[in-house]
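Q: What follows is each chain in one-letter form.
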Amino acid sequence: MVDTSVKLLGLELDNPVIPASGTFGYGREFTELYDINILGSFSFKGTTREPRYGNPLPRIAETASGMLNSVGLQNPGIHSVINKELPELAKVFHKPVIANISGFSLDEYVYCCQLIDKEPQVGIIEVNISCPNVHGGGLAFGADPVAAGEVTAAVKEVTTKPVVMKLSPNVTSIADVALACQKNGADGVSLINTLMGMRVDIKKRKAILANLTGGLSGPAVFPVALRMVWQVYEAVNIPIIGMGGVSSAEDVIEMMLAGATAVQVGAANLVDPYACKNIVEALPGIMEELGIEKLVDIIGGAHG
Amino acid sequence: MGKEKTMKQGMFEVLSNVPLADKTWEMTLAGDTSAITAPGQFVNIRLEGCYLRRPISVCDWQEGQLTIIYKVVGKGTEIMVNLAPGGRLDILTGLGNGYDLSKSGDMPLLIGGGAGVPPMYGLAKRLLAQGKKPRVIMGFNRENEIYYVNKFGELGIEPVVTTADGSVGVKGFVTDAMEPGYSYTYCCGPEPMLKAVYNASTTSGQYSFESRMGCGFGACMGCSCQTKYGSMRICKDGPVLEKEVIVW
Numbered sequence: 659m660v661d662t663s664v665k666l667l668g669l670e671l672d673n674p675v676i677p678a679s680g681t682f683g684y685g686r687e688f689t690e691l692y693d694i695n696i697l698g699s700f701s702f703k704g705t706t707r708e709p710r711y712g713n714p715l716p717r718i719a720e721t722a723s724g725m726l727n728s729v730g731l732q733n734p735g736i737h738s739v740i741n742k743e744l745p746e747l748a749k750v751f752h753k754p755v756i757a758n759i760s761g762f763s764l765d766e767y768v769y770c771c772q773l774i775d776k777e778p779q780v781g782i783i784e785v786n787i788s789c790p791n792v793h794g795g796g797l798a799f800g801a802d803p804v805a806a807g808e809v810t811a812a813v814k815e816v817t818t819k820p821v822v823m824k825l826s827p828n829v830t831s832i833a834d835v836a837l838a839c840q841k842n843g844a845d846g847v848s849l850i851n852t853l854m855g856m857r858v859d860i861k862k863r864k865a866i867l868a869n870l871t872g873g874l875s876g877p878a879v880f881p882v883a884l885r886m887v888w889q890v891y892e893a894v895n896i897p898i899i900g901m902g903g904v905s906s907a908e909d910v911i912e913m914m915l916a917g918a919t920a921v922q923v924g925a926a927n928l929v930d931p932y933a934c935k936n937i938v939e940a941l942p943g944i945m946e947e948l949g950i951e952k953l954v955d956i957i958g959g960a961h962g
Numbered sequence: 054m055g056k057e058k059t060m061k062q063g064m065f066e067v068l069s070n071v072p073l074a075d076k077t078w079e080m081t082l083a084g085d086t087s088a089i090t091a092p093g094q095f096v097n098i099r100l101e102g103c104y105l106r107r108p109i110s111v112c113d114w115q116e117g118q119l120t121i122i123y124k125v126v127g128k129g130t131e132i133m134v135n136l137a138p139g140g141r142l143d144i145l146t147g148l149g150n151g152y153d154l155s156k157s158g159d160m161p162l163l164i165g166g167g168a169g170v171p172p173m174y175g176l177a178k179r180l181l182a183q184g185k186k187p188r189v190i191m192g193f194n195r196e197n198e199i200y201y202v203n204k205f206g207e208l209g210i211e212p213v214v215t216t217a218d219g220s221v222g223v224k225g226f227v228t229d230a231m232e233p234g235y236s237y238t239y240c241c242g243p244e245p246m247l248k249a250v251y252n253a254s255t256t257s258g259q260y261s262f263e264s265r266m267g268c269g270f271g272a273c274m275g276c277s278c279q280t281k282y283g284s285m286r287i288c289k290d291g292p293v294l295e296k297e298v299i300v301w
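Same order as they appear, the protein sequences are chains Y and S.
Numbers 659 to 962, taken from the working numbering, label the letters of the first sequence in order.
Numbers 54 to 301, taken from the working numbering, label the letters of the second sequence in order.
Rather than coming from a laboratory, the hints here were simulated on the basis of the structure.
Even for Gly, the Cβ is constructed at its ideal location relative to N, Cα and C.
There's no promise every hint is true.
Ranges between beta-carbon positions, derived for each pair [to be verified]:
| id | chain 1 | residue 1 | chain 2 | residue 2 | range |
| --- | --- | --- | --- | --- | --- |
| 1 | Y | Val660 | S | Glu207 | 26 to 34 Å |
| 2 | S | Gly102 | Y | His961 | 30 to 38 Å |
| 3 | Y | Asp802 | S | Ser69 | 53 to 61 Å |
| 4 | Y | Asp802 | S | Gly225 | 27 to 35 Å |
| 5 | S | Val125 | Y | Lys749 | 38 to 46 Å |
| 6 | S | Lys296 | Y | Asp834 | 18 to 26 Å |
| 7 | Y | Lys665 | S | Gln115 | 35 to 43 Å |
| 8 | Y | Asp765 | S | Thr59 | 41 to 49 Å |
| 9 | S | Ala253 | Y | Val804 | 37 to 45 Å |
Straight line, CA to CA, 30 Å or less: simulated DSS-like cross-link-like pairs of lysine-lysine [to be verified]:
| id | chain 1 | residue 1 | chain 2 | residue 2 |
| --- | --- | --- | --- | --- |
| 10 | Y | Lys861 | S | Lys224 |
| 11 | S | Lys76 | Y | Lys864 |
| 12 | S | Lys156 | S | Lys128 |
| 13 | Y | Lys862 | S | Lys76 |
| 14 | S | Lys156 | Y | Lys753 |
| 15 | S | Lys186 | Y | Lys861 |
| 16 | S | Lys224 | S | Lys281 |
| 17 | S | Lys61 | Y | Lys742 |
| 18 | S | Lys248 | S | Lys281 |
| 19 | Y | Lys862 | Y | Lys753 |
| 20 | S | Lys281 | Y | Lys935 |
| 21 | Y | Lys864 | S | Lys128 |
| 22 | Y | Lys864 | S | Lys186 |
| 23 | Y | Lys952 | Y | Lys862 |
| 24 | Y | Lys862 | S | Lys61 |
| 25 | Y | Lys665 | Y | Lys952 |
| 26 | Y | Lys862 | S | Lys185 |
| 27 | S | Lys76 | S | Lys156 |
| 28 | S | Lys178 | S | Lys124 |
| 29 | Y | Lys935 | Y | Lys819 |
| 30 | S | Lys248 | Y | Lys862 |
| 31 | Y | Lys753 | Y | Lys819 |
| 32 | Y | Lys862 | S | Lys186 |
| 33 | Y | Lys861 | S | Lys156 |
| 34 | Y | Lys749 | S | Lys61 |
| 35 | S | Lys185 | Y | Lys742 |
| 36 | S | Lys124 | Y | Lys861 |
| 37 | S | Lys178 | S | Lys156 |
| 38 | S | Lys281 | S | Lys296 |
| 39 | S | Lys224 | S | Lys185 |
| 40 | Y | Lys665 | Y | Lys862 |
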């Protein structure tokens with residue numbers, strides 16, 4: 659029997675497979691199909707202080723081996739998440755969840771993290787400083803090591819749970835941003851958020867997305883994500899949650915070899931609602947094939 | 054609208070794939086249709102060479118068999134044209150709410166425009182089975198786009214056809230053929246048509262919307278629209294919206 663379990667910031671995960679924020683809602687749509695308790699954990703839809711409607715439609719455009727989205731952090735707001743969504747979620751998911759928090763100001767990050775920190779269901783707080791689809795928030799913090807460090811320090815001051823900073827690939831050096839987060843007390847980092855991209859409708863001669871630009875995800879970004887996980891692993895000594903185009907158990911293993919302790923699955927859930935289940939079920943077989951007894955043994959294994 | 058539905062993923066086999074009119078094809082498929090519970094729902098089809106699935110409305114279904122009609126508008130539907138009988142497709146079924154038949158009254162008016170005609174066929178069939186007397190208006194731009202008039206005929210319905218260029222039937226838009234005396238309005242078509250019917254209709258009704266979708270089952274928020282009662286996902290809370298909730 660191979661061992662797929664990993665330890666992530668004090669949490670014992672049965673496996674490293676975690677649906678990425680924004681691709682799994684609050685789990686409801688997937689519980690129609692399978693018992694989501696087979697997942698390692700899951701990162702729920704990015705949450706802000708106020709409810710947000712998000713960006714105008716269209717918000718989705720297809721690309722080669724991937725997709726652009728410009729949803730723009732649509733969510734019911736932190737109070738509704740705590741009062742409504744989390745109790746609903748507790749009925750169907752019995753493991754600690756990852757709370758994904760977004761903001762447009764330091765105050766907002768602090769406000770939301772302070773509240774979510776009190777929720778017993780939440781095992782890890784993932785702070786999104788990398789949303790490319792909102793103006794004046796998200797990426798404005800994640801694009802600059804100093805600002806990223808400030809958010810980290812401010813959030814750490816009001817939380818008792820482990821804090822993971824979610825990083826943007828739309829920067830010159832993601833390792834510098836990761837280092838700044840580590841220096842300011844981050845317990846871990848997750849990467850990558852989506853890559854900023856665009857499509858133009860050649861018949862209408864205008865951008866497909868109403869927001870003009872969107873975030874690229876799917877298999878197209880996997881090699882970029884893997885490279886960044888590799889670089890961040892070389893730079894920091896806190897755990898990394900790797901993500902970006904992961905679609906198979908082999909991708910999970912590749913991410914872990916590059917340095918990820920756990921792996922998030924995003925766009926794949928949208929194309930195949932069973933994607934995470936299939937990955938979880940395929941992992942043991944692939945491990946046996948590759949002679950891996952314990953999955954934890956391969957973390958960063960491709961580094962010299 | 055309606056109770057919580059459950060989607061299903063399944064493999065379907067192409068039984069036939071034939072052109073009906075200009076850039077309009079009909080495909081019949083064999084597979085598990087048990088998740089489909091109402092006309093106006095859609096399926097989401099995975100195609101080799103496309104990352105995202107393609108949402109296509111259900112035209113008709115019975116146990117083990119599904120009929121869809123699609124307009125060739127881009128990469129995905131161009132791939133579909135080349136699918137031969139015997140080919141297999143990964144399809145999500147039971148998506149969206151579909152039309153609520155209980156509100157139809159005795160003489161509902163069904164209006165379909167272009168690629169919005171197919172769900173009206175499945176709806177008409179089921180309204181007839183309930184003893185209702187649906188009237189049907191089908192709107193097209195020109196003669197070579199017209200299809201399914203005979204299929205409605207086989208149901209015993211004589212649809213009113215409108216063409217924008219006047220080549221067949223009533224010249225103009227579907228609203229030019231709306232005559233009083235109907236009990237309810239069901240509508241599917243391009244958004245300008247939905248809006249025109251919404252304004253012209255004298256009854257309550259249900260309108261089916263289209264959107265670029267990510268997942269098609271409510272997870273990604275890629276197709277959320279504003280309604281009078283907050284945000285709704287076209288794929289999950291729709292695609293059929295009641296007249297009373299729509300905000301243009």
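Q: Each hint: holds or not?
A: Structure-based check of each hint:
Hint check: Val660(Y) to Glu207(S), Cβ distance near 59 Å, so the stated range 26 to 34 Å is violated. Checked against the hint of 30 to 38 Å, the pair Gly102(S) and His961(Y) passes, with Cβ atoms roughly 36 Å apart. One distance hint, 53 to 61 Å for the beta-carbon pair Asp802(Y) and Ser69(S), holds here, with the actual separation near 58 Å. Distance hint check for Asp802(Y) and Gly225(S): the Cβ-Cβ separation is about 58 Å, which falls outside the suggested range of 27 to 35 Å.
At roughly 44 Å, the beta carbons of Val125(S) and Lys749(Y) sit within the given window of 38 to 46 Å. Taking the beta carbon of each, Lys296(S) and Asp834(Y) are about 54 Å apart, not inside 18 to 26 Å as hinted. Between Lys665(Y) and Gln115(S) the C-beta distance comes to about 52 Å, which lies outside the given range of 35 to 43 Å. A beta carbon spacing of about 42 Å between Asp765(Y) and Thr59(S) agrees with the range 41 to 49 Å that was offered as a hint.
About 59 Å separates the C-beta atoms of Ala253(S) and Val804(Y), a value inconsistent with the hinted range of 37 to 45 Å. The straight-line distance between the Cα atoms of Lys861(Y) and Lys224(S) is roughly 28 Å, inside the 30 Å bound, and the hint therefore holds. About 24 Å separates the Cα atoms of Lys76(S) and Lys864(Y), which keeps this hinted pair within 30 Å; it holds. For the proposed pair Lys156(S) and Lys128(S), the alpha carbon gap of about 38 Å is over 30 Å, so the pair is violated.
Restraint check: the Cα-Cα separation between Lys862(Y) and Lys76(S) comes to about 19 Å, which is no more than 30 Å; the hinted pair holds. This hinted pair does not check out: Lys156(S) and Lys753(Y) have alpha carbons roughly 43 Å apart, beyond 30 Å. A threshold of 30 Å between alpha carbons decides the hint, and for Lys186(S) with Lys861(Y) the separation of about 41 Å lies outside it, so the pair is violated. About 34 Å separates the Cα atoms of Lys224(S) and Lys281(S), which puts this hinted pair outside 30 Å; it is violated.
With a CA separation close to 27 Å, the supplied pair Lys61(S) and Lys742(Y) stays within the 30 Å bound. Straight-line distance between C-alpha atoms of Lys248(S) and Lys281(S) comes to about 16 Å, which keeps the hinted pair within the 30 Å bound. At roughly 48 Å between alpha-carbon atoms, Lys862(Y) and Lys753(Y) are farther apart than 30 Å, so this suggested pair is violated. A hinted pair counts as satisfied when its Cα atoms are at most 30 Å apart, and Lys281(S) with Lys935(Y) does not qualify at roughly 37 Å.
Taking the CA atoms of Lys864(Y) and Lys128(S), the gap is near 18 Å; set against the 30 Å cutoff, the hint holds. Simply put, Lys864(Y) and Lys186(S) have alpha-carbon atoms about 44 Å apart, too far for the 30 Å limit, and the pair is violated. Distance hint between Lys952(Y) and Lys862(Y) is unfulfilled; the C-alpha atoms sit about 53 Å from each other, more than 30 Å. A hinted pair counts as satisfied when its Cα atoms are at most 30 Å apart, and Lys862(Y) with Lys61(S) does not qualify at roughly 35 Å.
Between Lys665(Y) and Lys952(Y), the direct Cα distance comes to roughly 12 Å. Compliance with the 30 Å bound is thereby established for this hinted pair. As the CA atoms of Lys862(Y) and Lys185(S) are separated by approximately 42 Å, the hinted pair breaks the 30 Å bound. With a C-alpha separation of about 34 Å, the suggested pair Lys76(S) and Lys156(S) falls outside the 30 Å cut-off, and the hint is violated. For the hint linking Lys178(S) to Lys124(S), the alpha-carbon distance of about 22 Å falls within 30 Å, and the restraint holds.
The suggested pairing of Lys935(Y) with Lys819(Y) holds, with an alpha-carbon distance near 28 Å, which does not exceed 30 Å. For the hint pairing Lys248(S) with Lys862(Y), the CA-to-CA distance comes to about 22 Å; that is within 30 Å, so the pair holds. Distance hint between Lys753(Y) and Lys819(Y) is fulfilled; the C-alpha atoms sit about 15 Å from each other, no more than 30 Å. For the proposed pair Lys862(Y) and Lys186(S), the alpha carbon gap of about 41 Å is over 30 Å, so the pair is violated.
Restraint check for Lys861(Y) and Lys156(S): the C-alpha separation of about 40 Å exceeds 30 Å, so the hint is violated. With a CA separation close to 22 Å, the supplied pair Lys749(Y) and Lys61(S) stays within the 30 Å bound. Distance restraint check for Lys185(S) and Lys742(Y): the Cα-Cα separation of roughly 41 Å exceeds the 30 Å cut-off, and the hinted pair is therefore not satisfied. Restraint check for Lys124(S) and Lys861(Y): the C-alpha separation of about 16 Å stays at or below 30 Å, so the hint holds.
Between the alpha carbons of Lys178(S) and Lys156(S) the distance comes to roughly 16 Å, so the proposed pair stays at or under 30 Å and holds. Of the supplied pair hints, the one linking Lys281(S) and Lys296(S) holds, its CA atoms being roughly 10 Å apart against a limit of 30 Å. Of the supplied pair hints, the one linking Lys224(S) and Lys185(S) holds, its CA atoms being roughly 28 Å apart against a limit of 30 Å. Distance hint between Lys665(Y) and Lys862(Y) is unfulfilled; the C-alpha atoms sit about 50 Å from each other, more than 30 Å.
Hints 1, 4, 6, 7, 9, 12, 14, 15, 16, 19, 20, 22, 23, 24, 26, 27, 32, 33, 35 and 40, counting from the list given before, are not met by this structure.
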